[in-house]
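Please model the entire structure based on the sequences and the hints provided.
In numbering that gives the first Met the number 0, the protein residues as written are 0 to 360.
Among the hints, erroneous ones may be present.
Claimed, not checked - Pairs of lysine to any residue residues, derived as SDA-like cross-links and limited to a Cα-Cα distance of at most 20 Å, are as follows:
hint : residue 1 : residue 2
1    : Lys50     : Tyr147
2    : Lys323    : Cys217
3    : Lys55     : Leu27
4    : Lys49     : Ser39
5    : Lys341    : Glu199
6    : Lys251    : Lys223
7    : Lys134    : Ile85
8    : Lys50     : Phe155
9    : Lys241    : Ala259
10   : Lys323    : Asp304
11   : Lys341    : Ala330
12   : Lys223    : Asp193
Bear in mind the hints are in silico, worked out from the structure with no lab data behind them.
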Amino acid sequence: MKTYSIGLLLFLHTAVLYAGTIKADNLLGLPKLSIPGHNSQSAEKIALGKKLFNDKRLSQDGTISCASCHNEERAFTDGQTVAVGINLQTGLRNAPTVVNAAFYQTLFVDGRAASLEEQALGPFLNPIEHGLKNKQQIVEIVKQDTQYQQQFAQVFSTANSEITAEHIAQAIASFERTLIAGNSAFDRYLFGRDRQALTESEARGMRLFRRKGNCANCHEISGKDALFMDNRFYNLGVGFAKVNPQIAEFVKALRAGENADEFAFTDAQRAELGRFNVTHVIADMGKFKTPTLRNIALTAPYLHDGSAKTLEEVVEYYNKGGDKNPFLDSAIFPLHLTDQEKQDLVAFLKALTSAAPILVR
0 MKTYSIGLLL FLHTAVLYAG TIKADNLLGL PKLSIPGHNS QSAEKIALGK KLFNDKRLSQ
60 DGTISCASCH NEERAFTDGQ TVAVGINLQT GLRNAPTVVN AAFYQTLFVD GRAASLEEQA
120 LGPFLNPIEH GLKNKQQIVE IVKQDTQYQQ QFAQVFSTAN SEITAEHIAQ AIASFERTLI
180 AGNSAFDRYL FGRDRQALTE SEARGMRLFR RKGNCANCHE ISGKDALFMD NRFYNLGVGF
240 AKVNPQIAEF VKALRAGENA DEFAFTDAQR AELGRFNVTH VIADMGKFKT PTLRNIALTA
300 PYLHDGSAKT LEEVVEYYNK GGDKNPFLDS AIFPLHLTDQ EKQDLVAFLK ALTSAAPILV
360 R
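So this is what it looks like as structure tokens:
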């Protein structure tokens with residue numbers, strides 16, 4: 000069996016496509032994955048998407064691919080505090096893993112994309128990330144490659160002149176839907192009923208996670224599966240100190256009918272408004288999407304701005320009750336964990352590393 004290294008040696012498993020869903024031989028702990036009817040999976044389309052995902056030519060200076068920020072060797076993250084794009088420019092947010100992104104209802108940490116297909120082209124057009132000017136520039140780069148010409152003809156039954164940005168997005172999304180990870184020690188313990196799968200410390204940590212730690216309020220665990228996220232958005236206080244001194248004035252301006260985009264925020268400050276930038280709903284100020292915790296031990300640093308370098312730092316942040324601000328979510332409050340409880344909680348988080356990520360091919 001072909002092997003890959005994702006922080007440790009992990010095996011790939013093959014899944015079977017059926018009736019618009021994915022059924023895999025080792026999806027323990029995960030729900031069935033629906034495939035959109037307009038973008039069915041095939042081995043050829045997934046291979047095309049993988050090539051596009053790893054192609055650095057799809058950037059303004061030829062140095063950045065999707066895999067630059069979502070590196071297989073780092074559990075499809077990059078290990079950086081914030082993403083690094085063309086000309087070594089740095090972004091404003093930490094690059095999240097794309098593993099299990101196929102289950103998300105919205106993409107990006109502010110939820111501005113409603114599907115993997117919609118998300119796929121965004122980084123190409125970001126001036127800091129890939130830096131391409133428009134969708135047509137993406138298409139023209141692809142059209143110049145004879146192998147791409149053959150692959151697009153095979154997958155989409157289209158002539159080279161008829162390749163579109165939508166075809167490119169569909170192929171990348173199809174590949175991303177293969178990045179599925181379940182079957183961790185936690186899954187074998189809870190869903191597989193193997194009571195030896197977790198150590199005593201990890202099992203205590205799981206109980207803390209679901210009760211005193213209040214973690215499962217957002218990182219949900221159901222009776223049948225666990226995505227460890229809820230597809231919702233919360234203000235945790237992370238990074239909000241950048242805008243806190245001006246937030247009262249900003250809210251006053253909004254309620255007076257002023258344009259949010261005209262307020263004197265820097266780009267760094269505006270990034271901390273989170274979900275508000277998408278909805279322009281005042282209650283969404285500083286909210287960010289709940290991230291998955293699967294393979295969390297492999298995806299440091301943490302939080303949307305990469306400000307926590309270790310899991311211990313993350314636990315400590317939640318233990319103190321976040322950073323206070325007028326929009327802090329009511330689910331964030333001091334936890335009063337003991338040192339042993341903190342250690343047990345971290346041990347449980349490390350038990351969420353999958354025994355084998357499943358790449359559907």
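Hints, verified against the model:
no.: 1; hint: Lys50 <-> Tyr147; in the structure: holds (9 Å)
no.: 2; hint: Lys323 <-> Cys217; in the structure: holds (19 Å)
no.: 3; hint: Lys55 <-> Leu27; in the structure: violated (34 Å)
no.: 4; hint: Lys49 <-> Ser39; in the structure: holds (16 Å)
no.: 5; hint: Lys341 <-> Glu199; in the structure: holds (14 Å)
no.: 6; hint: Lys251 <-> Lys223; in the structure: violated (46 Å)
no.: 7; hint: Lys134 <-> Ile85; in the structure: holds (17 Å)
no.: 8; hint: Lys50 <-> Phe155; in the structure: holds (16 Å)
no.: 9; hint: Lys241 <-> Ala259; in the structure: holds (17 Å)
no.: 10; hint: Lys323 <-> Asp304; in the structure: holds (17 Å)
no.: 11; hint: Lys341 <-> Ala330; in the structure: holds (18 Å)
no.: 12; hint: Lys223 <-> Asp193; in the structure: holds (15 Å)
The structure fails to meet hints 3, 6 from the earlier list, while all remaining hints are met.
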